[in-house]
Amino acid sequence: MADPHKARAPFAPWDRRTLPGLFDVEESARRVGNYKWAEMKLFEALGGWVATVPELDVKMRLGTHCYKHAWHAELWHKRLPELREMNPDRLTAPANDAMVRFVAAMTEPEAHDQTIEKLVGVYRVYIPRFIAAYTYHLNATSEITDAPTIRTIKLILQDEFDDWRDGEMLIQSLIETPDDAARAAAHQQRLETIMIEAGGIAGPGSLGS
Amino acid sequence: MRKFFPVEELARDERFHTVTMKERMNDARTIRGDTKNANFRLTPERRDATDGARGLMHGIFVGEIQALEGAGRTCWDFETGSEAPFELKLDMARQCWDEARHVEISVKLSDWMGTEIGSYAENTVLFEAACSSDPVLRLAGVNRALEGLAIDVFTTMKEFGNLAGDPYLEFCEDWMLADEVTHVKMGSDWLRKVTEKDPERRKKALEFQSIVDKLFSYGGTRSDSNESPIGLARRFRELAGFTDDEVESIADVSMQALNERKAAVKKMLADADSFTSAAAAPSGAAASSGG
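Chains A and B supply the protein sequences, listed in that same order.
When you line the first sequence up against the numbering used here, it's residues 1 to 209, in that order.
When you line the second sequence up against the numbering used here, it's residues 1 to 291, in that order.
No lab work stands behind these hints, which were simulated from the structure alone.
We put the beta carbon where it would ideally sit given N, CA and C, even for glycine.
One or more of the hints may lead you astray.
To be verified - Have a look at the derived ranges for each label pair, beta carbon to beta carbon: (1) P6(B) / D162(A): 31 to 37 Å; (2) K193(B) / P148(A): 26 to 32 Å; (3) E143(A) / E14(B): 50 to 56 Å; (4) M86(A) / K193(B): 17 to 23 Å; (5) D198(B) / W14(A): 57 to 63 Å; (6) V25(A) / R235(B): 47 to 53 Å.
Claimed, not checked - 20 Å max Cα-Cα, derived DMTMM-like pairs, lysine to aspartate or glutamate: (7) K3(B) / D113(A); (8) K154(A) / E143(A); (9) K108(B) / E110(A); (10) K3(B) / E108(A); (11) K78(A) / E87(B); (12) K68(A) / E87(B); (13) K22(B) / E260(B); (14) K68(A) / D224(B); (15) K3(B) / E110(A); (16) K262(B) / D224(B); (17) K68(A) / E104(B); (18) K108(B) / D57(A).
Okay, chain B solo, but in the shape it has when bound (with noise of 0.2 Å):
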């Protein structure tokens, strides 16, 4: 088995369909109308509600394949000692365990929740933030940038399943959070133990991060507002080692990030305005030359 694994050769079942991240953005079915400052935060009263939730679920669900095979990567890509410490590959093995106890819940909750293994595309972005050829980058773009995500999917999640009076849910994605606190604090805490002596790669990780950060804030999904469907976990992103600056400047990215996304989405609909104005014309005009 070769060191480093390409995202292309994943190995999946017949059930799986993968999808680019620019290609599930712009899939007209997601794309919302410009409703100012309108509420899409994932909540019960959303008429998208149920197939919404669903659909977060599965990405739930494939995204912890994901950082499960991640995170066993880690274990066999790096030599234990002088490429990555002893400590540190254990801690990857144990997250290789949680992630593996994420999947299996998230399979019996999607069951739950009345969705099937495939019912939604897959978008293999995650893994590919998890090939860095250096382990502290990868613990920063994956433990930091997506696991710090998780929790902020996973506490949505959790009120979701407050608000719609499914303790079902609520209780598993609990029980998940805790999981991803974790996991985010073991990267911080590797992040600062391996560089402490080489400020270089702690800056090039963490630029790594903010990339990995923006590239998941893509389109506005999270971010401090309703308008996006997933909210940011302040607490727990805090509880998980991160400073109140590192948590105002994802807050900063997912806004700006929101706002790119309305800016495009109503120049979008501008446009398709326009069409049907040039389209509607001619025809009006052959229309009374004819009568």
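Only chain A is shown next, with the shape it has when bound in the complex (with noise of 0.2 Å):
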């Protein structure tokens, strides 16, 4: 056995973190802030779809989906405090206006026979851009100063990519017909300009810049 006393450095060889990082907390918070304002959106919308759409799959899926993004919710809102904001909903915002716009635009179909656009929203243009604000976030920030809000992000994509991969099945099996196609494609264009716009959940910048 190795000596016990002798000197080791403090980080093991393949330990590379660094502590550099591009967010002060500041900008940690404000983008914690964006986040779980995004993701309250879209738990109260998934919950609110369940007695709109009449295929019983998608119907539990919703429900599913539903408290993942609560959850979701719920970890920004705890991480928030510990970021110095004492007061949570002073920074739980949307980026901006078109990102109220956007999640307008995405809210709106309510009919029992729009539930390909109901879908496009969420798994083609919403949880994509989750992917990418919170895969920038885990890439761009310290890995040691931010590391709670890491493991978070890490805990939440793991959720993001289920549920990306269950929604986009549950597209491509009601996307029977070019014209149903053709739906959703006109869709997820009109809700991508919008969003487009918005700079991603968090702004311009949700990806760096």
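Join the two chains into one complex using the hints; note that each chain is given alone, in its own frame.
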């Protein structure tokens, strides 16, 4: 056995984490507030849509995913005070007005025959933007000082990937004709246009600059 | 998507058929005779036990769909903070997941019991109780009254699985029962918390709960008596935050509903007897005169 009193490097040779990160405390907190707002809007919409979709498998998936995004919002809610924001509601805000318009447009479909539009908005536009913003945060923030945020993002990203795959498979199973495909594409384009204006879940700079 | 979704517009595929509570209870096929103190509790000894259990399982299945829809609408219908606390909505989202899982379990169990989706009609009264414009009333009506009924139903079904030697059914019902106790407790906790400084609102919510409890005791379907197919699960209700007085009150309402139904059935049978006698008399007289 190695001598227990022999001096060892505080960071093992395989631990390559570094201190520098692109975000200070305020910037990390601002982004976390945007994430919480966006996750809240998502779980509320998924819950509301359950009663409006006739497809039983979709109904059950929406109910399941509703909770996952509520849990993400809760994780971010708990992270905010740790980032010196003692009033989490203050930073629980959309990145900008375009993001508010995006959510309004995404949650607009209600009719029984609009399941494709509902799913496209969430799984082809909104959730991919979450995956992008979270991945950027994961890669850009300090691996040591902002480790709690990194851990939370890793937990959330697993859900996002799982849900994206579930949603995408549901969409593919519902698109049966070229007309259905055109509907899906048209709705996606409409929402993407607003999302481009918003700049992503955390606004311009969601993916860096 | 609008706030507050009407029950008439609940989205269903082609297999589902909706009936009202009144239509269901007045269905002649479900009227039971006036056999005094008969045991109608759902047990394997009942002659119609197989169909009774299948019907109850289908009722659980559609009830879970509506509970899922109701919890989902509470996430959407109320503004966070100004109309409903953030944590309350998180609980409702959690309930969405639980109810979605219960739908999955019910579909699998129905299949196990030899029933297909749509074999029985759907009564949407559960969702109606979830349509109140006050979130506290929804919690009282859905989480305390209806999920309370679910505790009674799952306990009866679990016992049925045990008596019938069906560990698969018993196992699943026990898991769902654990979730229902959690949901009722959520309702009890939020009711106390949100109305802590608003006794009038609490009174209104409890009155609403009582109305829903009475509605779901309609026909004496659930009571302490063995004449009801479903029993009152007192112990699990206590775990879920019901006080002794509240349990007694539900027991009284249920027994009253059972007695009302028995009186109605007795009257119906008496009416039928007099109709038969009246119909028989002239025809007999005609036969005599003719001979």
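So if I understand the rule, the pair passes when the alpha-carbon distance is 20 Å or less; does K108(B) with E110(A) pass? Violated. K108(B) to E110(A) sits at ~29 Å, over the 20 Å cutoff.
Would you say the C-beta atoms of D198(B) and W14(A) sit inside 57 to 63 Å of each other? At roughly 59 Å between Cβ atoms, W14(A) and D198(B) fall inside 57 to 63 Å, so the hint holds.
Pair hint outcome, K262(B) versus D224(B) [Cα-Cα no greater than 20 Å]: Since the Cα atoms of K262(B) and D224(B) sit roughly 15 Å apart, the hinted pair holds (cutoff 20 Å).
Please verify whether K3(B) and E108(A) have alpha carbons no more than 20 Å apart. 11 Å, holds
Per the hint of 26 to 32 Å, is the separation of the Cβ atoms of K193(B) and P148(A) within bounds? 29 Å, holds
Honestly, do P6(B) and D162(A) meet the 31 to 37 Å range at C-beta? 33 Å, holds
Mind checking the hinted window 47 to 53 Å against the Cβ distance between V25(A) and R235(B)? 51 Å, holds
Does the alpha-carbon distance linking K3(B) and D113(A) stay inside the 20 Å limit? 19 Å, holds
For the pair we were handed, K22(B) and E260(B), check the Cα-Cα distance against 20 Å. Answer holds: K22(B) to E260(B) is near 15 Å, not above 20 Å.
Take a quick look at whether K108(B) and D57(A) sit within 20 Å of each other, Cα to Cα. The hint holds at about 13 Å.
Pair hint outcome, K68(A) versus E87(B) [Cα-Cα no greater than 20 Å]: Status holds; Cα separation ~14 Å.
Need the status of pair K68(A), E104(B): alpha-carbon distance at most 20 Å? 17 Å, holds
Taken one by one, the earlier hints fail for this structure at numbers 9, 14, listed in ascending order.
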